[in-house]
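Full structure from sequences and hints, please.
Counting in my numbering, the sequence shown runs from 35 upward without gaps.
Calculated directly from the structure, the hints in this document are not laboratory data.
Careful, some of the hints might be misleading.
Heads up, simulated DMTMM-like pairs for lysine to aspartate or glutamate below, C-alpha to C-alpha not over 25 Å straight-line [to be verified]: (1) K170 / E110; (2) K170 / D127; (3) K170 / D147; (4) K170 / D154; (5) K170 / D111.
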Amino acid sequence: MIPHPKRRGRSSIGRAPRLQRGGCRFEPGRLHFSFLLLVSPDDESDEPLSIRGEYERLGPEAFYRLHGRDYRNPHEDSIAMALSRAVARWSPDLAHVLDLACGSGEVTLALRDLGANAIDGIDPFTFDAYQARTGKAAERMRFEGIAAGAIADRQYSLIVCSFAMHLCDESRLPGLLTQLALISPRLWILTPHKRPEILPAWGWTLRDEMLCQRVRIRDYASFSAS
Numbered sequence: 035m036i037p038h039p040k041r042r043g044r045s046s047i048g049r050a051p052r053l054q055r056g057g058c059r060f061e062p063g064r065l066h067f068s069f070l071l072l073v074s075p076d077d078e079s080d081e082p083l084s085i086r087g088e089y090e091r092l093g094p095e096a097f098y099r100l101h102g103r104d105y106r107n108p109h110e111d112s113i114a115m116a117l118s119r120a121v122a123r124w125s126p127d128l129a130h131v132l133d134l135a136c137g138s139g140e141v142t143l144a145l146r147d148l149g150a151n152a153i154d155g156i157d158p159f160t161f162d163a164y165q166a167r168t169g170k171a172a173e174r175m176r177f178e179g180i181a182a183g184a185i186a187d188r189q190y191s192l193i194v195c196s197f198a199m200h201l202c203d204e205s206r207l208p209g210l211l212t213q214l215a216l217i218s219p220r221l222w223i224l225t226p227h228k229r230p231e232i233l234p235a236w237g238w239t240l241r242d243e244m245l246c247q248r249v250r251i252r253d254y255a256s257f258s259a260s
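Printed below as a string of structure tokens:
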């Protein structure tokens, strides 16, 4: 949905610690705080090569303009499982959730099953697929608009961004994360690898992390939560 950087994200002080498959190993003393589905060929991914090749050939924006109506995340079952475990482990407030880069609604549908009733979706490309599956319209905002304050007048109990933020241009991350920290006390990032690197200077502290069938889910608390 937003062109991704060619290089891998990595902090100057190293990478986050490895996680045990199917569980979480959170080590605060060692942890370094270091928009979209498909990832570059060197990422740890099981995407079908034909789809990934099409994505690499067209680029993110053209790919989603062409395929956004029929978009499906092949990791949907793992995403639903990760969210179920996260809700049980982290006990989030699901009163008003933002599904950021909402795809075809895989996060919204899973959270509905877990008791969330008020969920807003935002996606500039897959809004047709989202509405077809969830029955709700998705707002068509880009990351740069959010970074500029497009939703600064809102408040959410939880923001979930799945398979998207790791492909956001690195130069946009500080503004985007800072704006999100102003409107929610919690942020969950689902990603197929260790990116993105979210710095405390952007308003977020990593609380915990789990790995579920190659899907990583990270729980962040914002400065607004304190």
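Checked hints:
A hinted pair counts as satisfied when its Cα atoms are at most 25 Å apart, and K170 with E110 qualifies at roughly 19 Å. A distance of roughly 21 Å separates the Cα atoms of K170 and D127; the hinted pair therefore holds under the 25 Å criterion. Between K170 and D147 the alpha-carbon distance is near 16 Å, which keeps this suggested pair within the 25 Å criterion. Our distance criterion of 25 Å between C-alpha atoms is met by K170 and D154, whose separation comes to about 8 Å.
Pair hint K170 plus D111 holds up; C-alpha atoms about 21 Å apart against a cutoff of 25 Å.
In summary, the structure agrees with every hint in the numbered list given earlier.
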